[in-house]
Amino acid sequence: MTTMATAPAPGFEAPGVEDFQLPPIFGPVTKPVLELALAAIIVVVLFRLAVRKPQLVPSKTQFLGESFHGIVRNSIAKDMIGPEFLRYVPFLTALFAFILVNNLFGIIPFIQFPTFSHPGVPYALALLVWVIFTVVGIRHHGLGGYLRISTWPPDVPWWVRIILTPIEFISNIILRPVTLSLRLFGNMFAGHLLLLLFILGGQYMLFTADSILLKILSPFAFLMGIVFTFFEAFVQVVQAYIFVMLTASYIGTVLADDH
Amino acid sequence: MDIVLAAEQLNPLVPHTVEIVVGLIAFGLLYWVLAKTVFPQFEKIYAERTDKIEGGLKRAEEAQAEAQRIKQQYDDQLAGLRAEAARIRDDARAEGQQIKAELRADAEAEAARIRARAEEQILAQREAAVRSLRAEVGSLATQLAERIIGSELSDPARRSATVDSFLQELDGVDSRQPTGAN
Numbered sequence: 069m070t071t072m073a074t075a076p077a078p079g080f081e082a083p084g085v086e087d088f089q090l091p092p093i094f095g096p097v098t099k100p101v102l103e104l105a106l107a108a109i110i111v112v113v114l115f116r117l118a119v120r121k122p123q124l125v126p127s128k129t130q131f132l133g134e135s136f137h138g139i140v141r142n143s144i145a146k147d148m149i150g151p152e153f154l155r156y157v158p159f160l161t162a163l164f165a166f167i168l169v170n171n172l173f174g175i176i177p178f179i180q181f182p183t184f185s186h187p188g189v190p191y192a193l194a195l196l197v198w199v200i201f202t203v204v205g206i207r208h209h210g211l212g213g214y215l216r217i218s219t220w221p222p223d224v225p226w227w228v229r230i231i232l233t234p235i236e237f238i239s240n241i242i243l244r245p246v247t248l249s250l251r252l253f254g255n256m257f258a259g260h261l262l263l264l265l266f267i268l269g270g271q272y273m274l275f276t277a278d279s280i281l282l283k284i285l286s287p288f289a290f291l292m293g294i295v296f297t298f299f300e301a302f303v304q305v306v307q308a309y310i311f312v313m314l315t316a317s318y319i320g321t322v323l324a325d326d327h
Numbered sequence: 278m279d280i281v282l283a284a285e286q287l288n289p290l291v292p293h294t295v296e297i298v299v300g301l302i303a304f305g306l307l308y309w310v311l312a313k314t315v316f317p318q319f320e321k322i323y324a325e326r327t328d329k330i331e332g333g334l335k336r337a338e339e340a341q342a343e344a345q346r347i348k349q350q351y352d353d354q355l356a357g358l359r360a361e362a363a364r365i366r367d368d369a370r371a372e373g374q375q376i377k378a379e380l381r382a383d384a385e386a387e388a389a390r391i392r393a394r395a396e397e398q399i400l401a402q403r404e405a406a407v408r409s410l411r412a413e414v415g416s417l418a419t420q421l422a423e424r425i426i427g428s429e430l431s432d433p434a435r436r437s438a439t440v441d442s443f444l445q446e447l448d449g450v451d452s453r454q455p456t457g458a459n
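Protein chains in written order, with this note's numbering: chain A, 69 to 327; chain B, 278 to 459.
These aren't lab readings, by the way, just hints derived from the structure by calculation. Hints may contain errors.
Stated by the list, open to error - Facing chain B, from chain A, some residues (calculated, C-beta under 7 Å):
hint: 1; residue: L104
hint: 2; residue: F115
hint: 3; residue: P187
hint: 4; residue: A192
hint: 5; residue: P234
hint: 6; residue: E236
Said to hold, decoys possible - List time: in silico DSBU-like cross-link candidates among lysine-lysine, alpha-carbon distance up to 35 Å:
hint: 7; chain 1: B; residue 1: K329; chain 2: A; residue 2: K146
hint: 8; chain 1: B; residue 1: K313; chain 2: A; residue 2: K146
hint: 9; chain 1: A; residue 1: K128; chain 2: A; residue 2: K146
hint: 10; chain 1: A; residue 1: K99; chain 2: A; residue 2: K283
hint: 11; chain 1: B; residue 1: K321; chain 2: A; residue 2: K121
hint: 12; chain 1: B; residue 1: K321; chain 2: B; residue 2: K335
hint: 13; chain 1: B; residue 1: K329; chain 2: A; residue 2: K283
hint: 14; chain 1: A; residue 1: K146; chain 2: B; residue 2: K348
hint: 15; chain 1: B; residue 1: K348; chain 2: B; residue 2: K335
hint: 16; chain 1: B; residue 1: K329; chain 2: B; residue 2: K313
hint: 17; chain 1: B; residue 1: K321; chain 2: A; residue 2: K146
hint: 18; chain 1: B; residue 1: K313; chain 2: B; residue 2: K348
hint: 19; chain 1: A; residue 1: K121; chain 2: B; residue 2: K348
hint: 20; chain 1: B; residue 1: K329; chain 2: A; residue 2: K128
hint: 21; chain 1: A; residue 1: K121; chain 2: A; residue 2: K146
Ideal Cβ positions, reconstructed from N, Cα and C, are used throughout, including at glycine.
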């Protein structure tokens, strides 16, 4: 990551990993720790507001809550999981909301730190997802059935199987949680680094640099910072969506009756 | 090189234990509260809504079926009434025809009756005329006979004159009689 810091302008320290090391606020509690708690509170409060007075013809907040729940229920879970999708909708919706709010913290003014640019919680959530789809698969097919569905694609000649089965085993059983967590973490980390680069760079050009040309050009750095803020908003929503989509897809594949 | 060293010291892939613990607790509580109190409400509302819409559709279908049934009934009735009206008209026509035929038959019978009576009358009158004529001829014959007997039968000229005068009388009777007889 720090290779981005090669050839910095004289005197300009490009942002790097050290900018993600936030000082503790009290005890072991750092900013991302507070954000995690805040995200949970925000999600719970918003959803509670949505069902405060449930009606057949929904109020505005109820409609928003239902829409969010409906997207996960009808566009993700139903398509990916199949007939037994209803059991997994609460988990998937909670996951989507939790990740989405934590991601959006990256661009919400004054918070402006995407929680999952620290990899701990993505690891934990991906591991949780792995445990869930493994348990679901073993319960549905038995241990042998689960392994067969994950590593033994039908209608494959034996000499292909020699290579294919280890690949399937690694990709379906070992790498799924790794890619799931690293995709989320990497996007949040890189996005935040990018914003830091434009904002801190602009700040350096405007206040620290000697060159008058850099001072004149500094608004473009801030402008790019704003443009990339919008881009980051998009990425943050998409990454939350992808995380939940893949989770549903993993559950769907272990529930499927053939490969 | 020192940048690489720093990166190894600050490996961004190393997780923070506090975050994992707090993150899992926060997510666990979040999931628990939502799964217990919020999502069942949503599902309930979806079910109610679906139920209501499907119920409405079903009711509309029923109403349509009912309307169809009533229309069918009405059409049937109308067809029945049309057939009934046609039947009544045919009946009336047939009855009219029958009445006409009866009247004609009656009239013809009456005419025949009248004619027959007239014929009978004529016949009776004729018979009466013939009877009276016969009686008169008888009496005339008697008179003639008396007259012939009363006068001299010896004289042939007188006898023929008598017959002639008698026949002349008869002729006078005949010339009067046919108008009365016919």
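Self-check item: K313/B paired with K348/B [C-alpha distance capped at 35 Å]
Solution: The hint is violated at about 53 Å.
Quiz item: Are the Cα positions of K329/B and K283/A separated by 35 Å at most?
Solution: Judged against 35 Å, a Cα distance of about 65 Å means the pair is violated.
Quiz item: Holds or violated: K321/B with K146/A, Cα cutoff 35 Å?
Solution: holds, 17 Å
Quiz item: Is the Cα-Cα distance between K121/A and K146/A 35 Å or less?
Solution: Within the cut-off at roughly 27 Å; holds.
Practice problem: For the pair we were handed, K99/A and K283/A, check the Cα-Cα distance against 35 Å. | Solution: holds, 32 Å
Self-check item: Straight-line alpha-carbon gap K321/B to K335/B, limit 35 Å
Solution: holds, 20 Å
Quiz prompt | Proposed proximity, K313/B with K329/B (alpha carbon, max 35 Å) | solution = holds, 25 Å
Practice problem: Starting from K329/B, check that the Cα of K128/A is at most 35 Å away, please. | Solution: holds, 21 Å
Practice problem: Have a go at the P187/A hint: is there a Cβ in chain B nearer than 7 Å to its own Cβ? | Solution: holds, 5 Å
Exercise. Would you mind confirming whether the straight-line C-alpha gap from K146/A to K348/B stays at or under 35 Å?
Key: violated, 44 Å
Quiz item: If you draw a straight line from the CA of K348/B to the CA of K335/B, is it 35 Å or shorter?
Solution: holds, 20 Å
Self-check item: Interface hint for E236/A, Cβ within 7 Å of any Cβ on chain B
Solution: violated, 26 Å
When held up to the earlier numbered hints, the structure conflicts with 5, 6, 13, 14, 18 and 19 and fits the remainder.
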